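Protein sequences, first through last, are from chains Y and L.
Each residue of the first sequence is one higher than the one before, starting from 100 at the first, in the numbering used here.
Each residue of the second sequence is one higher than the one before, starting from 23 at the first, in the numbering used here.
Derived from the structure by calculation, the hints contain no laboratory data.
The model shown is predicted, which means the values in this text are computed figures rather than measured ones.
Don't take every hint at face value.
Examples of chain L residues lying across from chain Y (beta carbon under 8 Å, computed) [unchecked claim]:
(1) M23
(2) E30
(3) L290
(4) A307
We put the CB at the ideal spot given by N, CA and C, even for glycine.
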Amino acid sequence: MRKTELIKLFVNGEEHSLAVPVQRTLLEALRYDLGLIGSKQGCDKGDCGACTVLARPRQGSGRGEPILSCITLAADAQDLAVTTIEGLAGPQGLDVVQRAFVDCGALQCGFCQPGMMLSARALLDNCPKPSLPQIKEALSGNLCRCTGYSQIYQAVQVAAGMRKPSARAPVQAERAAPSDSVAHPVKEIVP
Amino acid sequence: MMTLPAVEVLRPGSVAEAVELLRDKPGARVLAGGTDIVPNLKYGMYETQHLVALRGLSKELRYVREEDDFVKLGALCSIDQLSREASMLPALADACAQIAGPQLRRMGTLGGNLCLDTRCVYINQTYFWRSALGFCLKKDGTLCHVVKGGKRCVAAASNDTAPVLLALGASVRLVSPRGERILPLRDFYLQDGVHNTVLQSDELLVEVRVPVRARSLKQAFGKLRMRAAIDFPALNLAVALEVAQGAVKSVALCVSAIAARPALIRGLEDLAGRPADARVAEELARRAQKQCKPLTNIGVDPEWRREVLPVLVRRTVSRALQD
Ligand SMILES: Cc1cc2nc3c(=O)[nH]c(=O)nc-3n(C[C@H](O)[C@H](O)[C@H](O)COP(=O)(O)OP(=O)(O)OC[C@H]3O[C@@H](n4cnc5c(N)ncnc54)[C@H](O)[C@@H]3O)c2cc1C
Ligand code: SF4
Ligand code: FES
Ligand code: FES
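Could you put together the complete structure from these sequences and hints?
Next up, the structure:
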């Protein structure tokens, strides 16, 4: 049996030739061979959706469908054209989905976001004006442990041009003082 | 991070080539959508060095067509595709729409679903986890943690298309280097959680055939799961009834996610002639509960599943009769 293998991956419009261990998953190839660490390694077994990328046959058009890169073998992904979160922004800057997530404060830790935004993008590519149940269904394979989802659903509606971000602006963070200039009063520790 | 053991992906371009590879590489396994086999490989459940990937066979094996009194479904139809294109068999389309989550439905195939490995809380775990418990019969061990003293693995068939296709009287076409055979699906599954199908190591499931008469059956699929997405079934079932002038002519009920083999409920012939109403639903619920014993193989309280089973049957039968 071979230990390593030369494979060709087509990612974000570019072809890459890589020598990888035969058992490389697409996610590992993206993160550790191509340095595209936007796709997250969550459960690494198909449960959480953090590793979602978009894929279609190479001959096709469009961005394709959301798939899980942690359970796709890199060698088996050679006939696919893959779009990762790094490939979502265009020459004009952020994709409307990315902008809407920011405007709605639809993220906290951010770990689920690349997958969440790609699932949302795939939905809007197929269905430009989705209903709320359609949005929930399309994102039901992406788990988020922080937000409680409602801002995320709202962000998809904003991206679809169906509403404005809710009136309340995301919390304005105050600029933090550089840590070395913060006065830390020394507490006396009584023995 | 869960790394895979070393496995080489082989990429045949035809069914003939695929089955030859399966024959020539001992221990080789089929890789379709990979949504079941890849996590299981990460758990160290298989000793295999070769995966025969079916992606190159998509053109050959991805179709939904009616021909010779059968609805024929190619093994590489994706689950998502069937949830949309199998609308002539509403229970199948509904089951497909409830499998896993959206990404997994795009990746997963019909063939892979029918050949899904059985599941158990004591086996779908990392090698480290399983080793801490001294392993079990299904892999690396000698005893069963579900049935104390049990000599046979009772890990649960967890595929959602299986009960539907069994209730609809489907058959499967299997190809090996020696030729092909067509088997009724009810002869496909075995009561052995270690390997619950009659599929041989060099055999490929290439097609599912559903008799066209199944289109006119009153049918429904029911599923119990903890979350409305992603989760495997804690119980699943399908019912198909032939109804004429308000009376039942025939009925098939299949319940799964219990043991290694999806259970076609036995002895329903005497229901023929009864009015197709709530009482028949009640009777089917009673018989299903009698014949099915939920175990601790699925990490959802077996007592609760036992209580819910007749409710799920009743609701599913009522839904079938309404449409
Ligand atoms: C988080 C999660 C949730 C899931 N939830 C569900 C669920 O709710 N319901 C459900 O039914 N499934 C569920 N699944 C399992 C799986 O996604 C589906 O069953 C899917 O349809 C499997 O198809 P596949 O093509 O990915 O199979 P693979 O993983 O490619 O193959 C599965 C098995 O079948 C064999 N095989 C595949 N195709 C063939 C063929 N043509 N001939 C012979 N052998 C073959 C493989 O060797 C392997 O042993 C879930 C999976 C995950 C990871
Ligand atoms: S049913 Fe028993 S033998 Fe089978 S996987 Fe579970 S614990 Fe192991
Ligand atoms: S990392 Fe969780 S699904 Fe891939
Ligand atoms: S923002 Fe933290 S997991 Fe979604």
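Hint by hint, here is what the structure shows:
1. M23: At about 6 Å, which falls below the 8 Å cut-off, the nearest Cβ of chain Y leaves the hint on M23 of chain L intact, so it holds.
2. E30: holds, 5 Å
3. L290: violated, 35 Å
4. A307: violated, 29 Å
Comparing the model with each numbered hint stated earlier shows that hints 3 and 4 do not hold.
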